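J.: The chain contents come next:
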Amino acid sequence: MIAEIRAKARELLENGQVRCFIGYEEGTRGRVRPAFVYEPQDVDRLIWDERCTHNLAVYLHQFQHPLKRGEEPPRVGILVKPCDSRSLNVLLHEKQIERERLYVIGLTCNGVRVNGQPQERCQRCSERVPLVYNLVMGDVPKTIGREDYADVARLERMSPAERLAFWTQEFDRCIRCYACRQACPACYCFECVAEQLDPPWMGIAMDLSQKQFFHVMRAYHLAGRCSGCGACEEACPMEIPLSLLNRKIAKEVEALFEYRAGQDVETPPPLATFKKEEELPL
Amino acid sequence: MNATTRESLLAWLDGLSKSMTLIAPQAVEEQICYRPIAESSEIVLDFGRTDLPAKEYFLPSTHVLFSIERGDKGVSIEEPSLERERVVFGLRPCDARALRVLDALFLEEEPVDPYYAERREKTTLIGLACREMSPECFCTSLGLAPDDASDVDLMLTEVDGGYAVQVVTEKGRVLLGDLIMEEWEGTLPQVTGREELPILEAEAWPQHFNHAYWAHLADRCLSCRLCTYLCPTCRCFDVRDYETPNRDIERVCAWDSCLAEGYRRIAGGHDPRPTKMERLRNRFYCKFCYYPKDFGPIACVGCGRCIAKCPVNVDIAEVLESVAAL
Amino acid sequence: MTTDFEPQIVGFLCRWCSYPGADLAGSSRIIYPPSLRVIRVPCSGRVDPLFVLKAFQEGADGVMVLGCHPGDCHYMEGNYHVRRRYSLMHRLLDYIGIEEGRLLVDWVSASEGRRFAEVAREFTAQVQALGPWGGKRIDS
Amino acid sequence: MAWATRKDWGNPYRPYLGTLVGVRDLATDIKMFQVELDDAEARKDFAYRPGQFAFVSAFGVGEAPFGLTSTPLRGPVLEFAVNKVGTVTSALHGLGEGDTVGVRGPFGNWFPLDEMKGKNVILLGGGIGGAPLRPVIHTILDNRADYGKLAILWAARSPSLLVFTEEFDDWRAAPHTELHLTVDRGDETWTDNVGLITELLDQVAPSPENAVTVTCGPPIMIKFTLLTLEKLGFTPEQMIVTLEAKMKCGMGKCGRCNLGEKYVCTDGPVFSYVEVARFLESF
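Protein chains in written order, with my numbering: chain A, 1 to 282; chain B, 1 to 326; chain C, 1 to 140; chain D, 1 to 283.
Keep in mind that a hint or two might mislead.
What the hints assert, rightly or not - Pairs of lysine-lysine residues, derived as DSSO-like cross-links and limited to a Cα-Cα distance of at most 30 Å, are as follows:
| no. | chain 1 | residue 1 | chain 2 | residue 2 |
| --- | --- | --- | --- | --- |
| 1 | A | K68 | D | K117 |
| 2 | D | K149 | A | K68 |
| 3 | C | K54 | A | K68 |
| 4 | D | K84 | C | K54 |
| 5 | A | K68 | D | K231 |
| 6 | D | K31 | B | K73 |
| 7 | D | K246 | D | K84 |
| 8 | B | K73 | D | K223 |
| 9 | C | K54 | A | K276 |
| 10 | D | K31 | D | K44 |
| 11 | A | K8 | C | K54 |
| 12 | B | K293 | D | K246 |
| 13 | D | K117 | D | K149 |
| 14 | D | K119 | D | K149 |
| 15 | D | K117 | B | K293 |
Claimed, not checked - Just some of the chain C residues that point at chain A, by a computed CB distance under 7 Å:
| no. | residue |
| --- | --- |
| 16 | W16 |
| 17 | M76 |
| 18 | Y80 |
| 19 | L88 |
| 20 | G101 |
If you're looking for bench data, these hints aren't it; they were derived computationally from the structure. Since the model is a prediction, treat every value here as computed from it, not as a measurement. All C-beta atoms, glycine included, are put in the ideal place defined by N, C-alpha and C.
Can you build the whole structure from these sequences, using the hints too?
T.: Written as structure tokens, this is what we have:
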């Protein structure tokens, strides 16, 4: 598979269809990291295997502006797994990126591994083929996961006091480094609520109520927008189970509004529309 | 040299925690962090390197510079101060050296930072030598050693049957008090070092300032604050006022990061470092060029925390090798 | 539960329906508990769920968002959005430990002075039963 | 440290308390704040020189650095020109006479007024950038004989943004002193030059002979002014600038205002173009 990826990337770069190809490359100490290939002869740096966990859609924001003043914004090639393709759909749906400036190579996915451990989110994943692509590679995996939100249900069975204790202990460890926000393709606000001075939503103090406010605010702002790619959880240095928050929102949005993030670019997003006669549990 | 057993060491630490705040490595979920300890059984003794440095107890992530009471007789300023003496146990040589690096700025440069000075002065450091270097460690490239005792008050080294105790400073000797020890003749275990990374000296960095390498490196950077908050020698802070529930005002000083977008943006919008390349480059130049030129020591102790936790593998050791080869 | 606990409740009242409703309750001398701190908003649709979260963080024990009955909104669709936003926010707050009973989203028209007092009384009792929340408590 | 005008710092993060003895409008969204430090001891400690800056605290919001626009020898009252652009400045603009503010400092180095003695002085102020230059003008006017010709080039985006307009007549009336004004966009009452300060500089074309220039204004204005001065034959030693940067401590601790290894707060804010040209980073 990697040979075809490299061949296609070289072709795209050679005929000038893209200025940069975003993929994965071998990092240091056995780790994989995002790769940015500008020259055709560098495509051999590209790799593809189970360690390629990063959601590369987050880098598309930085290619919205011309590389040099006066130039057109660059056309970019990008590799997407099924979950990344959902993030891409969210960005396209929210008019953040023009589809024609992207050459998307979709890769079927059998689940990724972090430090050799298969990821839970992949065992539950039912979409093994990307939803948006110019070209798709890889055979369709047979094993399909089933989404049961078991992890969220475990927390829901707790009493409110137990849940408060759980989240208090988790948020207490947060160091407000914002790796979760910066790794998330859906978080592209120019000035995040966390840094806004007017209105001063949050202070700079590293105390618990600020951290709780930030994480609950971010979870809410991902309603109908989080593609479940796990980038936030994998970036968190304090190993806070952030997907437990985002998946609760995803579960409720699906239950209340039958909407799943990134499925297409036509269905109006859940919180931007309504049905007059709908009955919702307040 | 003397040595003590694990039991008497923990008993002694329990004694200390009666009169002082005992801060030691503690398991928090699957991580090890320095935390105030109630009793010594909570202390973790075998760990590679804590996930967070001890910086929190000298440059706190948040602390109040002073509070302003607006009474009827006008405004008055109250400064907080540290009530209890403290002891930080289980400090690795790299974290101890990091404090020495911060001393060069906060104590040896005029004016002295009173908050940092008080915390340093009211704290005794008990080091714990490393048994072996973690994969990401490169302290030996910075002139440090996994068993280097020069920056702590007392140094413990794990030996068969307990811990060898080296008294380094008067402050440490005073703290020993009633720790049960006996003579110990053995030799301290040697920790195998690692071949050293090539680190350019400060004067050689400016020539690479405009090299394309930085743009290539910064492409994948997420511009988050992780590496600066995990770093024992990063010391940028932000200051702002906040109103407390009882209507007093507190001037809060909290961690900040030169990688944060808008770190240098002044009111009105001008930003001398608008792109993440300039911000990421500044992090390496500050550590290996500016800090040594301005204040003396290199602002890196090779602890490897940023290497271990950077989500996109911006590996400082790789950067040093690449820059040396530019 | 301690009945002498006086809950602090923040009420976001839309100026076209629930605020006049509250006025009517006042002018017709209907008694309702003093625990309510009213914030007048142009429309219930203006109440960003972050206002609710901020209210809890700043120490509110309960938060009410009252708007016009669906279909009566002066701006046509404010309360339709409120239904969607708060059906979701309700569950998120409960999930992180702010009990479901601490947030009330309801509709009170300008003529329902009695109903407003009823809603205020009921909700205050409900919050009283849950006891103090006090956002800062999360710090202690 | 260049700025050791103050010896005993005590707690350098703690501001002196001061009372606003005067607040008046200088221009649109720009106010002059006159502060008298409450404590007599503080007034003595706060010995400053033209070019230095201090942090003014709007308690409840925070503090921000402002160039001192008062002249030390003209009295104990500290004067700051504050342009309303951010949270602290807006909070300050909400204060009136009698209110309490905090003043912390003095920080930074100062203008080399002694080396400027006997030379022709050319001051280029862009908008509120004129504020730090005012004490230089006052010092020269108070010791007129010590200095050569004084050319003041004052620019702003529009006539309503020119600062210290009420002192223009005194400046014009002073011996061997010229005042040249220009605005980017005039209005119906404006009769003077219209155009950028660089065009005014070309027009005035002061001679670099035994001269020194001091420039302060928005970064973009400083950059182009320095280029024009170079074109007119001025050497880097003759070009002094005072820079602004985001600051949180004023004494080199918070790591915020570095340009390369130079800190604007301790190595500056006053630099000669010799140093600026060697900065790794542009300001």
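J.: Taking each numbered hint in turn, which are not upheld by the structure, reported in ascending numerical order?
T.: Violated hints: 1, 2, 3, 8, 11, 15, 16, 17 and 20; rest satisfied.
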